[in-house]
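Chemist: Each chain, letter by letter, is given below.
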Amino acid sequence: MSQIEFKNVKKVYDNGHVGLDDINLNIEKGDFAVIVGLSGAGKSTLLRSVNRLHDITSGDITIEGESITKASGKKLLEMRRNIGMIFQHFNLVKRSSVMRNVLSGRVGYHPTWKMVLGLFPKEDKVKALEALERVNILEKHNARSDELSGGQQQRISIARALCQESSIILADEPVASLDPLTTKQVMDDLKRINKELGITIIINLHFVDLAREYGTRIIGLRAGKLVFDGPVEEATDEAFSEIYGRSISADEKLGVD
Amino acid sequence: MAAPEKSYDQYLTRKLSQKTLFSMLLILFLVIWSFIYTGFSITDLFIGIPQIGELFTAMFPPDWSYLSDILQPMIDTIRMAIVGTFIGSIIAVPVALLCAHNIAQSKWISVPMRLILNIVRTIPELLIAAVFVAVFGIGQIPGVLAVMILTISIVGKLLYESLESIERGPLEAMTAVGANRIKWIIFGVVPQALASFFSYVLFAFEINIRAAAVLGLVGAGGIGLYYDQTLGLFQYDRTAMIIIFTLVIVVVIDLISSKVREKLT
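So the sequences go chain by chain: Z and B. Position 245, counted from 1, in the first sequence is what our numbering calls 245; the numbers after and before it change by one each time, with no gaps. Position 193, counted from 1, in the second sequence is what our numbering calls 1193; the numbers after and before it change by one each time, with no gaps.
Estimated spans, in silico, between C-beta atoms of each pair: (1) 12(Z) with 1022(B): 44 to 52 Å; (2) 1111(B) with 13(Z): 22 to 30 Å; (3) 143(Z) with 1136(B): 46 to 54 Å; (4) 1136(B) with 112(Z): 35 to 43 Å; (5) 55(Z) with 1256(B): 47 to 55 Å; (6) 1038(B) with 113(Z): 54 to 62 Å; (7) 1256(B) with 18(Z): 53 to 61 Å; (8) 67(Z) with 1102(B): 25 to 33 Å; (9) 1094(B) with 65(Z): 34 to 42 Å; (10) 1165(B) with 112(Z): 22 to 30 Å; (11) 1161(B) with 121(Z): 31 to 39 Å.
Okay, derived cross-link-like pairs now, EDC-like style, lysine to aspartate or glutamate, Cα gap no bigger than 20 Å in a straight line: (12) 74(Z) with 1172(B); (13) 94(Z) with 1164(B); (14) 75(Z) with 1172(B); (15) 184(Z) with 213(Z).
Here are a few chain B residues that sit away from chain Z, every Cβ distance over 12 Å (derived from the structure): (16) 1047; (17) 1134; (18) 1136; (19) 1219.
Just so you know, the hints here were simulated from the structure itself, not pulled from any lab data. Here a beta-carbon is modelled for each residue, glycine too, at the ideal position from N, C-alpha and C.
Generate the whole structure from the sequences, applying the supplied hints.
Modeler: Below, the structure is given as structure tokens:
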């Protein structure tokens, strides 16, 4: 049994556009899987269907053997708690402190009334601080989140996902709004988390060279169809040309090494 | 080779559209019709002006000694406004959450809630107070209730509009974390809307002080009652005292409140 299994997953939007077309895919525990493809190929839809931020039209997605497609109520919330997520625009509450944003990753573990009163146990605060230390922004824990730079904000959101103690982290274009240098730092953070904690990472990336450098596995989408799935070594220039439907141009490489 | 002279006549002649013409005629009709039937005339105005002068002379000097008599009702008025604003603001929160499309996430909830809120907003507070006086009798309770309703309509409306403009991202993140509805609101919505909420509460309080000052006219407690009495007994010097005192209180509270609101945004 793979950690995440997609079985004949299909997504048709209300306007008739086919987002995902019969996807069959297995993600193994500890994978650093990079989803590549042109914009509109369905990368984001695929990623967001894992934790059901998007509902699929037909097929099934199972996580550790349990169907998230069929889950509802408390079960769905518990399954989502096991899947951290990082977004392109960080999705932090800008007015809240760094600490509160990171702690919000733990709300799924406690009863509602305690969360309304903001009563996090001390262990949680320690976990939040550990997470911040892991991404090297411990000393900023008291700052208001919007006082920090883009790269630092993305690290807060990584800390939030870490604090959630999930076994999977989804990252939807996490470096698309960052400069090349910060991109490298954020990608290194993700790689370290993957290696040291064994957390499975599924990530959408725009840049081919980043995908090659960090991924252990490449998943290629083209117009909602799975057109490539294999270890990074097999993802040759030809394979990428196939995914993109043309040869790779310079602007699809970030050029950082 | 000279190009044939092009004529732009079709662009130059702008005809009044039928819609514009009709609207203008309608407005003209309404204005004339209203003038005729209200009996407004400049001559009446000129006859009235000396009377205004007489009223002013009757008002001055204001009866300063009356201040001690109206101090207590003025404090009552402020207390009515505080209690009404407090209760109303608390009730306004769930109301606003249910009105906001992005939070209620069902038109079956938000649209009817908005309709109710809009209807309540159209009822003048004096009318609301009068109804409550009929139910609860003369006193401060109907005044407090009227202020409360007024607060719900003001804060409810402003808050739901600002709720609809909050960033979606953090909400999405809270969904992904596995938060239930209440945790989602506490961690995603509240921190984004808290500052504007307090600002709207203060704004409502400013309006409520002014409203509470006249609620006594219909028997709903506070300083308004004294206003009515002194006018009825032609004690214009006392009326003047009430007006000055009310003005001072309102200006002071507005000033403090707007300073605090500046800090909030």
